[in-house]
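Trainee: Letter by letter, the chains look like this.
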Amino acid sequence: SQQGEEDPQALSIQEGENATMNCSYKTSINNLQWYRQNSGRGLVHLILIRSNEREKHSGRLRVTLDTSKKSSSLLITASRAADTASYFCATPRSSTLGRLYFGRGTQLTVWP
Amino acid sequence: DTGVSQNPRHKITKRGQNVTFRCDPISEHNRLYWYRQTLGQGPEFLTYFQNEAQLEKSRLLSDRFSAERPKGSFSTLEIQRTEQGDSAMYLCASSLTVAGGPSYNEQFFGPGTRLTVL
Chain A
1 SQQGEEDPQA
11 LSIQEGENAT
21 MNCSYKTSIN
31 NLQWYRQNSG
41 RGLVHLILIR
51 SNEREKHSGR
61 LRVTLDTSKK
71 SSSLLITASR
81 AADTASYFCA
91 TPRSSTLGRL
101 YFGRGTQLTV
111 WP
Chain B
113 DTGVSQNPRH
123 KITKRGQNVT
133 FRCDPISEHN
143 RLYWYRQTLG
153 QGPEFLTYFQ
163 NEAQLEKSRL
173 LSDRFSAERP
183 KGSFSTLEIQ
193 RTEQGDSAMY
203 LCASSLTVAG
213 GPSYNEQFFG
223 PGTRLTVL
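The listed protein sequences correspond, in order, to chains A and B.
Just so you know, we're using this note's numbering here: the first sequence kicks off at 1 and counts up by one.
Just so you know, we're using this note's numbering here: the second sequence kicks off at 113 and counts up by one.
Do not take every clue at face value.
Unchecked claim - Far from chain B by the CB rule (all over 12 Å, computed), these chain A residues:
#	residue
1	Glu5
2	Gln14
3	Ala19
4	Arg54
5	Lys69
6	Arg104
What the hints assert, rightly or not - DEER-style ranges, computed between Cβ atoms:
#	chain 1	residue 1	chain 2	residue 2	range
7	B	Gly115	A	Pro112	40 to 50 Å
8	A	Ala10	B	Glu168	40 to 50 Å
9	A	His45	B	Ser185	14 to 24 Å
10	A	Gly59	B	Gly128	41 to 51 Å
11	A	Glu15	B	Thr132	19 to 29 Å
12	A	Arg60	B	Gly152	21 to 31 Å
13	A	Arg104	B	His122	20 to 30 Å
14	B	Gly128	A	Glu15	47 to 57 Å
15	B	Glu168	A	Arg104	17 to 27 Å
16	A	Ala10	B	Gly115	27 to 37 Å
17	A	Glu15	B	Thr188	35 to 45 Å
18	A	Ala10	B	His122	41 to 51 Å
Claimed, not checked - Beyond 10 Å from chain B on every Cβ pair, some chain A residues (computed):
#	residue
19	Glu15
20	Asn22
21	Asn30
22	Thr64
23	Ala81
24	Ala82
25	Thr84
26	Gly103
To be clear, the hints were calculated from the coordinates, so they are not data collected in a lab.
Remember, predicted model here, so these are calculated numbers, not experimental data.
Backbone N, C-alpha and C define an ideal beta-carbon position, used for all residues, glycine too.
Using the sequences provided together with the hints, build the complete structure.
Mentor: Structural data, given as structure tokens:
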């Protein structure tokens, strides 16, 4: 079964706008990760936020984590056409750090 | 390129045939994972190895599926008597886990092998 669920399922914006995607999960976590998948390419790790962190930045990416609400958000600022991709949140189960549970993803389309 | 590589990239087979996929992880990574992804879904975990030991298998891994990592380096995933429902993208990932090190698990993914069963 899938642990995380992203919202919205699809998002369409213009270049330069910000894109916000949300992820909700069900059980306690050690960390939460965001991945990007372009058409025809593999998954690329974007950012990891640990359970004791509330916010993290990496370039144009900003991730927040609210463990009390079991939710996370990914903000992409000043989006570009090259940001067009599917974005997934993924969580390992705390007791078994091996497997990652992925949501169904948010399909982001950025129009030039 | 020192990333995760997978071969073949595409495989078309007839129902009932056996197929084998190969994954070469990042060389210093001790963990190797297999996932399956169908259209519109996120990857679903199949199994993972730490060195040559297979530590966890998903219920998705029926008895027609077998994975090996004989020397703790590359891995193979074999599907016997393929069914149309096996059609999917098979993803391999690797990570480095150090005893006493940080307890997080960033995984690096290969490009995947797309299987089509006719």
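Trainee: Hint by hint, say whether it matches the structure.
Mentor: Hints and how they fare:
| no. | hint | verdict |
| --- | --- | --- |
| 1 | Glu5 | violated (9 Å) |
| 2 | Gln14 | holds (25 Å) |
| 3 | Ala19 | holds (18 Å) |
| 4 | Arg54 | holds (16 Å) |
| 5 | Lys69 | holds (21 Å) |
| 6 | Arg104 | violated (5 Å) |
| 7 | Gly115/B with Pro112/A: 40 to 50 Å | violated (29 Å) |
| 8 | Ala10/A with Glu168/B: 40 to 50 Å | violated (33 Å) |
| 9 | His45/A with Ser185/B: 14 to 24 Å | holds (22 Å) |
| 10 | Gly59/A with Gly128/B: 41 to 51 Å | holds (49 Å) |
| 11 | Glu15/A with Thr132/B: 19 to 29 Å | violated (43 Å) |
| 12 | Arg60/A with Gly152/B: 21 to 31 Å | holds (27 Å) |
| 13 | Arg104/A with His122/B: 20 to 30 Å | holds (24 Å) |
| 14 | Gly128/B with Glu15/A: 47 to 57 Å | holds (49 Å) |
| 15 | Glu168/B with Arg104/A: 17 to 27 Å | holds (22 Å) |
| 16 | Ala10/A with Gly115/B: 27 to 37 Å | holds (29 Å) |
| 17 | Glu15/A with Thr188/B: 35 to 45 Å | holds (43 Å) |
| 18 | Ala10/A with His122/B: 41 to 51 Å | violated (27 Å) |
| 19 | Glu15 | holds (25 Å) |
| 20 | Asn22 | holds (15 Å) |
| 21 | Asn30 | violated (6 Å) |
| 22 | Thr64 | holds (18 Å) |
| 23 | Ala81 | holds (22 Å) |
| 24 | Ala82 | holds (18 Å) |
| 25 | Thr84 | holds (16 Å) |
| 26 | Gly103 | violated (5 Å) |
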